[in-house]
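Letter by letter, the chains look like this.
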Amino acid sequence: MSDKMSFRDSRFYPVFFMIILSAILTFILATSYQLSKERVKMFREVSMQTSLLSLFIPELPELNGKTLAALEAEEISKLYKTYIVRKSLNAEYNYYKFSREGQELGYIFPVSVKGLWSTIHLLVAIKSDFSEYIGIKVINQGETPGLGARITEAWFQEQFSGKAILQADGFVTLKLIDENEQPASGMIRQITGATVSSRAVVSGVREKLKILYEQYFSKKSKGDK
Amino acid sequence: MNKKQIFIQSAFTENAIWAQILGICSALAVTNQMKNSLVMGLGVIFTLALSMFTISAIRSLIPPRVRMMAQTFIIAFYVILVDLFLKAVLPEVSQQLGPYVGLIITNCIIMGRAEAFAIKNTPLDSMIDGIGAGVGYTLVLLLISLIREIFGFGAIFGYQVMGTWWTPWSIMVMAPSAFFLLAMLIWLVEIRKRKKR
Chain A
1 MSDKMSFRDS RFYPVFFMII LSAILTFILA TSYQLSKERV KMFREVSMQT
51 SLLSLFIPEL PELNGKTLAA LEAEEISKLY KTYIVRKSLN AEYNYYKFSR
101 EGQELGYIFP VSVKGLWSTI HLLVAIKSDF SEYIGIKVIN QGETPGLGAR
151 ITEAWFQEQF SGKAILQADG FVTLKLIDEN EQPASGMIRQ ITGATVSSRA
201 VVSGVREKLK ILYEQYFSKK SKGDK
Chain B
1001 MNKKQIFIQS AFTENAIWAQ ILGICSALAV TNQMKNSLVM GLGVIFTLAL
1051 SMFTISAIRS LIPPRVRMMA QTFIIAFYVI LVDLFLKAVL PEVSQQLGPY
1101 VGLIITNCII MGRAEAFAIK NTPLDSMIDG IGAGVGYTLV LLLISLIREI
1151 FGFGAIFGYQ VMGTWWTPWS IMVMAPSAFF LLAMLIWLVE IRKRKKR
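Residue numbers (the working numbering), protein chains in the order written: chain A, 1 to 225; chain B, 1001 to 1197.
Chain A on its own, in the form it takes in the complex (with noise of 0.2 Å):
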């Protein structure tokens, strides 16, 4: 018997076997992530920023009536570059403010609401005294494809630009009505057959503008109530 196969039979072998693989398998998906890291965090950041600019349509006049999506990656950072900047408030949240030759136009905050399956990544852009929406925008979803997912679709978050959010007497919580019932306003389409999704999405956005608003941006606004 060779020394070899004495080997291949040891009880080390199968140890010894997975080792190897680990190291050339790890090796190789380490360096195509390494190899493809950059590309990802550009698509990441421009599609981050398309969604930004994205709320605030009416506000570039470089648009011209074109699309985002048929601007160049680099046309996509510059406009960002122009209108928005981002803050932080503490450690860990970050939102953006929107601002045109030195007005401050609103506020966009990333809200993560948790939907009937997944968690629901938006965009919510207010005006900056918390008067009204500017317009939402579903950044991230795992819902049912054709019912909960449909809160990706334009009519559903287009309803919420110009709703009111914070009034004289508090926050203002938007009614629910069928998908194809008349909206009055103050009134919000639900998806029919996705009511959880539908409501997670309308009452978590609300909660978490009440509570930046409570602990952050009520001092700022001159003692009004």
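The set of hints was computed from the structure by calculation and includes no laboratory data.
The reader is advised that the hints may include incorrect statements.
[What the hints assert, rightly or not] 25 Å max Cα-Cα, derived SDA-like pairs, lysine to any residue:
| id | chain 1 | residue 1 | chain 2 | residue 2 |
| --- | --- | --- | --- | --- |
| 1 | B | Lys1087 | A | Trp117 |
| 2 | A | Lys114 | B | Lys1120 |
| 3 | B | Lys1087 | A | Lys97 |
| 4 | B | Lys1087 | A | Tyr80 |
| 5 | A | Lys81 | B | Ile1080 |
| 6 | A | Lys41 | B | Val1039 |
| 7 | B | Lys1035 | A | Glu38 |
| 8 | A | Lys97 | A | Gln157 |
| 9 | B | Lys1087 | A | Ser118 |
| 10 | A | Lys37 | B | Phe1085 |
| 11 | A | Lys41 | B | Lys1087 |
| 12 | B | Lys1120 | A | Arg8 |
| 13 | A | Lys81 | A | Lys127 |
| 14 | B | Lys1087 | A | Asn64 |
| 15 | A | Lys37 | B | Ile1080 |
| 16 | A | Lys41 | B | Leu1086 |
| 17 | A | Lys137 | A | Asn64 |
[To be verified] Anything over 10 Å on all C-beta distances counts as not near chain A; from chain B, calculated:
| id | residue |
| --- | --- |
| 18 | Gln1005 |
| 19 | Gln1009 |
| 20 | Leu1038 |
| 21 | Lys1087 |
| 22 | Thr1122 |
| 23 | Leu1139 |
| 24 | Pro1176 |
| 25 | Glu1190 |
| 26 | Arg1197 |
[What the hints assert, rightly or not] Computed beta-carbon distance windows for the label pairs:
| id | chain 1 | residue 1 | chain 2 | residue 2 | range |
| --- | --- | --- | --- | --- | --- |
| 27 | B | Trp1169 | A | Lys78 | 43 to 51 Å |
| 28 | A | Asp178 | B | Arg1067 | 53 to 61 Å |
| 29 | A | Met18 | B | Phe1157 | 41 to 49 Å |
Everything numeric in this text was worked out from a predicted model, so none of it was measured.
Cβ atoms here follow ideal geometry from the backbone N, Cα and C, with glycine treated the same way.
Knowing the structure of chain A, use the given hints to seat chain B on it.
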């Protein structure tokens, strides 16, 4: 067996879903729209082809006692590669698929083919067997999602085919309908098999 026979056997005669009842979980989860099914199918075909080839190529080196661990490792390796590739080259597709890509690892068809075929056959045959199993799986997914998408959304591949008079069946969008359809498919295949006998 020649290459064609291997393919036909693993794609149809021994179809993972209707003959072996493997990979049912993902067949239920992603079949409410044809696009999701197709992409999931392509991911599985790709992973199967490459991991079967690799497992078969190093099969004489794999110690029997840690064989399944090594197989899972190799499968996971390819799935992560696919995920990285999509993220770096096709970010839109990657974003739409979300968690589906990662779920390929848990698809028992891959483990099943590794154990049943790749561990005792040559690399090329194993690769063909893997592609066959993936194609068979994808066809079943597409068939079920075709029915579910027509009834659930009135559409095929996202294109509206039913008019506005059509009332979508919500049940077809949700997972239970896949249970019924899958069971009916297996039933029909069984009836056909019994008649042949």
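- Query: Taking the minimum C-beta separation from B:Gln1009 to chain A, is that value above 10 Å?
  - Reply: The claim holds: B:Gln1009 sits with its nearest Cβ about 30 Å from chain A, beyond 10 Å.
- Taking 25 Å as the top limit, are the C-alpha atoms of A:Lys97 and A:Gln157 close enough? 20 Å, holds
- A:Lys41 and B:Leu1086: Cα distance at most 25 Å? Answer holds: A:Lys41 to B:Leu1086 is near 13 Å, not above 25 Å.
- Item | Check on B:Thr1122 being off the interface with chain A, judged by Cβ distance over 10 Å | Label holds. Min Cβ-Cβ 20 Å, cutoff 10 Å.
- Task: Say whether it holds or is violated: B:Gln1005 keeps its Cβ farther than 10 Å from all Cβ of chain A.
- Result: At about 32 Å from chain A, B:Gln1005 clears the 10 Å cut-off, so the statement holds.
- B:Lys1087 paired with A:Tyr80 [C-alpha distance capped at 25 Å]: 23 Å, holds
- Mind checking the alpha carbons of B:Lys1120 and A:Arg8 for me, to see if they're no more than 25 Å apart? 18 Å, holds
- Message: Holds or violated: A:Lys114 and B:Lys1120, Cα atoms, limit 25 Å.
- Response: 47 Å, violated
- Item | Given pair status - A:Lys127, A:Lys81, alpha carbons within 25 Å | 20 Å, holds
- Query: Holds or violated: are the alpha carbons of B:Lys1087 and A:Lys97 at most 25 Å from each other?
  - Reply: Judged against 25 Å, a Cα distance of about 29 Å means the pair is violated.
- If you draw a straight line from the CA of A:Lys37 to the CA of B:Phe1085, is it 25 Å or shorter? Distance ~11 Å between A:Lys37 and B:Phe1085 Cα, so the pair holds.
- Given as non-interface: B:Leu1139, partner chain A, CB spacing beyond 10 Å: At about 21 Å from chain A, B:Leu1139 clears the 10 Å cut-off, so the statement holds.
When each numbered hint is compared with the structure, violations occur for hints 2, 3, 5, 7, 14 and 21.
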